[in-house]
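Turn these sequences into a full structure, and let the hints steer you where they fit.
Protein chains: 2
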Amino acid sequence: MQAWRDLGPEGVRIAGVCDLDEGRARTMAEEFGARAFTDPAAMLAALRPDFVDIATTPPSHRALVELCAPQVRLVICQKPIADTPNDARAMVDACDRAGAAFVIHENFRWQRPFVRMQELLLAGAIGMPRFLRLNFRHGWDVYAGQPYLATVPRLAIMDIGVHLFDLVRLFLGEARAITCETQKRNPRVEGEDAFTALTAHDGAVGVTDASFHSTLRPEPFPQTLAVLEGDRGTLELREGYRLVIHDETGRREEDVEPPVPAWGEKPWHVVQDSVLAFQRHVVAVLRGQATPQPSGADNLRTLALCLAAYRSAEIGARVSP
Amino acid sequence: MQAWRDLGPEGVRIAGVCDLDEGRARTMAEEFGARAFTDPAAMLAALRPDFVDIATTPPSHRALVELCAPQVRLVICQKPIADTPNDARAMVDACDRAGAAFVIHENFRWQRPFVRMQELLLAGAIGMPRFLRLNFRHGWDVYAGQPYLATVPRLAIMDIGVHLFDLVRLFLGEARAITCETQKRNPRVEGEDAFTALTAHDGAVGVTDASFHSTLRPEPFPQTLAVLEGDRGTLELREGYRLVIHDETGRREEDVEPPVPAWGEKPWHVVQDSVLAFQRHVVAVLRGQATPQPSGADNLRTLALCLAAYRSAEIGARVSP
Numbered sequence: 001m002q003a004w005r006d007l008g009p010e011g012v013r014i015a016g017v018c019d020l021d022e023g024r025a026r027t028m029a030e031e032f033g034a035r036a037f038t039d040p041a042a043m044l045a046a047l048r049p050d051f052v053d054i055a056t057t058p059p060s061h062r063a064l065v066e067l068c069a070p071q072v073r074l075v076i077c078q079k080p081i082a083d084t085p086n087d088a089r090a091m092v093d094a095c096d097r098a099g100a101a102f103v104i105h106e107n108f109r110w111q112r113p114f115v116r117m118q119e120l121l122l123a124g125a126i127g128m129p130r131f132l133r134l135n136f137r138h139g140w141d142v143y144a145g146q147p148y149l150a151t152v153p154r155l156a157i158m159d160i161g162v163h164l165f166d167l168v169r170l171f172l173g174e175a176r177a178i179t180c181e182t183q184k185r186n187p188r189v190e191g192e193d194a195f196t197a198l199t200a201h202d203g204a205v206g207v208t209d210a211s212f213h214s215t216l217r218p219e220p221f222p223q224t225l226a227v228l229e230g231d232r233g234t235l236e237l238r239e240g241y242r243l244v245i246h247d248e249t250g251r252r253e254e255d256v257e258p259p260v261p262a263w264g265e266k267p268w269h270v271v272q273d274s275v276l277a278f279q280r281h282v283v284a285v286l287r288g289q290a291t292p293q294p295s296g297a298d299n300l301r302t303l304a305l306c307l308a309a310y311r312s313a314e315i316g317a318r319v320s321p
Numbered sequence: 001m002q003a004w005r006d007l008g009p010e011g012v013r014i015a016g017v018c019d020l021d022e023g024r025a026r027t028m029a030e031e032f033g034a035r036a037f038t039d040p041a042a043m044l045a046a047l048r049p050d051f052v053d054i055a056t057t058p059p060s061h062r063a064l065v066e067l068c069a070p071q072v073r074l075v076i077c078q079k080p081i082a083d084t085p086n087d088a089r090a091m092v093d094a095c096d097r098a099g100a101a102f103v104i105h106e107n108f109r110w111q112r113p114f115v116r117m118q119e120l121l122l123a124g125a126i127g128m129p130r131f132l133r134l135n136f137r138h139g140w141d142v143y144a145g146q147p148y149l150a151t152v153p154r155l156a157i158m159d160i161g162v163h164l165f166d167l168v169r170l171f172l173g174e175a176r177a178i179t180c181e182t183q184k185r186n187p188r189v190e191g192e193d194a195f196t197a198l199t200a201h202d203g204a205v206g207v208t209d210a211s212f213h214s215t216l217r218p219e220p221f222p223q224t225l226a227v228l229e230g231d232r233g234t235l236e237l238r239e240g241y242r243l244v245i246h247d248e249t250g251r252r253e254e255d256v257e258p259p260v261p262a263w264g265e266k267p268w269h270v271v272q273d274s275v276l277a278f279q280r281h282v283v284a285v286l287r288g289q290a291t292p293q294p295s296g297a298d299n300l301r302t303l304a305l306c307l308a309a310y311r312s313a314e315i316g317a318r319v320s321p
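Chains as they are written, first to last, in the numbering used here: chain A, 1 to 321; chain B, 1 to 321.
Don't read these hints as lab results, they were simulated from the structure.
Predicted model, so just to flag it, every value in this text is computed and none were measured.
Don't take every hint at face value.
What the hints assert, rightly or not - Derived list of chain A stretches under chain B, where covered just means 3 residues or more per stretch with a C-beta under 8 Å from a C-beta of chain B:
1. 115-126
2. 176-185
3. 207-214
4. 219-232
5. 309-320
Unchecked claim - Negatives, chain A to chain B, calculated, CB over 10 Å:
6. Asp6
7. Ala45
8. Ala55
9. Thr84
10. Arg130
11. Ala150
12. Leu170
13. Glu190
14. Ala194
15. Val256
Cβ coordinates follow ideal geometry from the N, Cα and C atoms, glycine included.
What follows is the structure in structure tokens.
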């Protein structure tokens with residue numbers, strides 16, 4: 001919400017806020033100078049918005065997207081897009097039929113370090129990518145703010161894997177196969193709170209691992225660390241937002257730490273800044289200056305990779321997404 | 001040879017040198033004050049040594065071990081123990097029948113950083129191990145000194161994987177399953193020059209990756225990097241032999257760089273120092289003060305893991321070793 005407000009000078013206005021909890025809807029609406037609703041259909045009819053930003057939990061995504069698509073020019077849907085490929089496909093189809101752009105709120109690829117890594121890769125700084133390692137390991141108490149996370153049967157892959165797999169696909173292309181080992185490390189937690197996935201791509205291999213039960217000091221949450229090796233060089237994203245660039249000529253380091261938005265705070269700034277970058281991108285899509293990154297259609301494959309990771313772990317096999 | 005000479009004060013004497021190339025045997029024998037042979041049976045008959053150190057290539061290991069076992073108290077055999085499980089098993093049996101101790105020259109677990117990590121793990125510094133990442137990535141021209149490496153059909157797993165898998169088993173116990181993706185990155189090289197392996201253990205997961213075609217500055221060869229996570233802390237072995245110890249109380253760093261032996265030089269010192277440590281261990285085994293680390297019998301499982309890695313990559317499946 002704060003990021004949308006920051007985009008006011010670029011033509012964005014928050015017209016309405018809809019929440020099943022009337023009190024919350026009203027508080028938010030007042031804070032952001034918008035009208036409050038508890039019924040999304042009523043909001044659409046009253047405001048005729050250019051776009052909607054759906055930030056609910058996955059089970060409600062499909063009905064909301066199908067409701068909104070015919071009445072707006074663009075739909076943003078929070079990740080993970082859906083719990084099943086069937087629902088996700090229906091949402092993509094609904095937007096296609098309505099001619100509405102469909103963008104998934106996938107902010108990791110909009111995090112400053114990864115934007116910079118993409119830029120360097122596309123500029124040929126390391127040659128063809130051959131190997132990617134992504135790590136998201138921490139011991140932050142994510143359950144304090146979101147207690148339901150301790151009870152969901154599917155945790156780390158659906159919560160974080162979905163972001164990381166989007167990055168894997170962005171850097172290495174589609175995965176032909178995936179093998180995933182899941183772990184339940186924290187006895188207080190129901191679902192898998194750690195996973196390690198190995199993916200095979202054309203000409204490249206990826207390793208993606210995450211853990212919510214690691215002891216690291218200083219606490220690295222919510223940083224993702226990465227190594228991307230190409231034929232002629234390597235990009236290493238280290239703790240503290242230090243990007244090390246290795247090539248034939250030597251080694252140099254860039255500080256890729258994002259700024260802290262006025263309404264933000266550390267250590268969340270990497271996420272907060274990426275939300276701003278993502279939302280600015282959405283404005284560009286609305287103006288016809290960019291295509292969705294990532295689109296709902298693209299995100300179907302990320303969801304397929306997540307579900308394949310669960311299948312792999314469950315049956316103990318290397319599987320095709 | 002230099003390391004054995006260093007152990008002179010501890011009672012070791014190099015009595016004989018055997019090489020099919022008579023000139024080389026003679027040169028080495030002269031340098032180390034020993035007798036030269038071209039026939040191993042003749043050497044055994046003439047010298048009646050306490051132990052032999054077999055440092056030939058794998059195809060000759062079995063015949064030499066079977067020849068020596070009945071005539072010595074201890075046999076050292078260079079890794080990889082053999083090309084097939086059948087040969088390896090026969091060698092273990094030959095030593096068992098003869099009552100000779102059988103030690104595999106596996107020096108990675110004797111490298112100072114890993115000795116220190118074992119020590120910390122056994123002292124309970126990080127709790128039960130849950131996750132291990134081992135990386136051996138470099139761009140060193142290993143083919144200059146050993147041109148045959150460019151032509152062998154099985155390269156990185158047999159050359160380096162065998163060391164790394166020994167460490168994986170040492171830290172996490174036996175692997176119940178392995179999935180391995182191999183890569184041929186350097187077009188001048190016949191075999192796989194990169195691999196990434198995912199292993200599942202009781203309560204733990206391992207990722208092992210190696211590449212001979214990485215661009216990293218400064219060149220990290222021959223350093224192995226590692227992350228070992230336990231329930232209560234993490235050991236991180238970083239470039240430059242810096243061991244970072246994370247636990248509830250914070251973070252501290254140890255310098256675990258080994259000294260350079262008088263006859264050694266950087267960057268080989270980590271290997272050279274480990275050979276000395278390994279050979280000192282062999283003396284302890286001969287004196288009845290230690291059991292072989294690793295024994296031939298133990299090493300059968302490391303070989304099985306290597307062969308399972310190849311099988312996994314070939315058939316594209318998660319397999320049991």
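Status of the hints after comparison with the structure:
Counting residues of the stretch 115-126 of chain A whose CB lies closer than 8 Å to any CB of chain B gives 1, which falls below the minimum of 3, so the coverage claim is violated. Coverage of the stretch 176-185 of chain A by chain B holds. Counting CB-CB distances below 8 Å, 5 residues qualify, and the rule asks for three or more. With a cut-off of 8 Å between beta carbons, the stretch 207-214 of chain A has 5 residues touching chain B; three or more are needed, and the interface restraint holds. Counting residues of the stretch 219-232 of chain A whose CB lies closer than 8 Å to any CB of chain B gives 4, which reaches the minimum of 3, so the coverage claim holds.
By the rule of at least three residues with a Cβ nearer than 8 Å to a Cβ of chain B, the coverage given for the stretch 309-320 of chain A holds, with 4 such residues. Every C-beta of chain B lies more than 10 Å from that of Asp6(A), the closest at about 35 Å, which supports listing it as non-interface. At roughly 52 Å from the closest C-beta of chain B, the C-beta of Ala45(A) stays outside 10 Å, upholding its exclusion from the interface. At roughly 32 Å from the closest C-beta of chain B, the C-beta of Ala55(A) stays outside 10 Å, upholding its exclusion from the interface.
The claim that Thr84(A) lies off the interface holds: its Cβ sits roughly 25 Å from the closest Cβ of chain B, which is beyond the 10 Å cut-off. With a least beta-carbon separation of about 6 Å from chain B, Arg130(A) fails to lie farther than 10 Å from that chain, contradicting its non-interface assignment. Residue placement check: Ala150(A) keeps its beta carbon more than 10 Å from all beta carbons of chain B (closest about 18 Å). No Cβ of chain B comes within 10 Å of the Cβ of Leu170(A); the nearest lies about 19 Å off, and the non-interface call holds.
Its beta-carbon lying about 18 Å from the closest one in chain B, Glu190(A) satisfies the requirement of being farther than 10 Å from that chain. For Ala194(A), the non-interface assignment is contradicted: its Cβ lies about 7 Å from the closest Cβ of chain B, within the 10 Å cut-off. Distance check on Val256(A): its Cβ is at least 19 Å (rounded) from any Cβ of chain B, clearing the 10 Å threshold; non-interface status holds.
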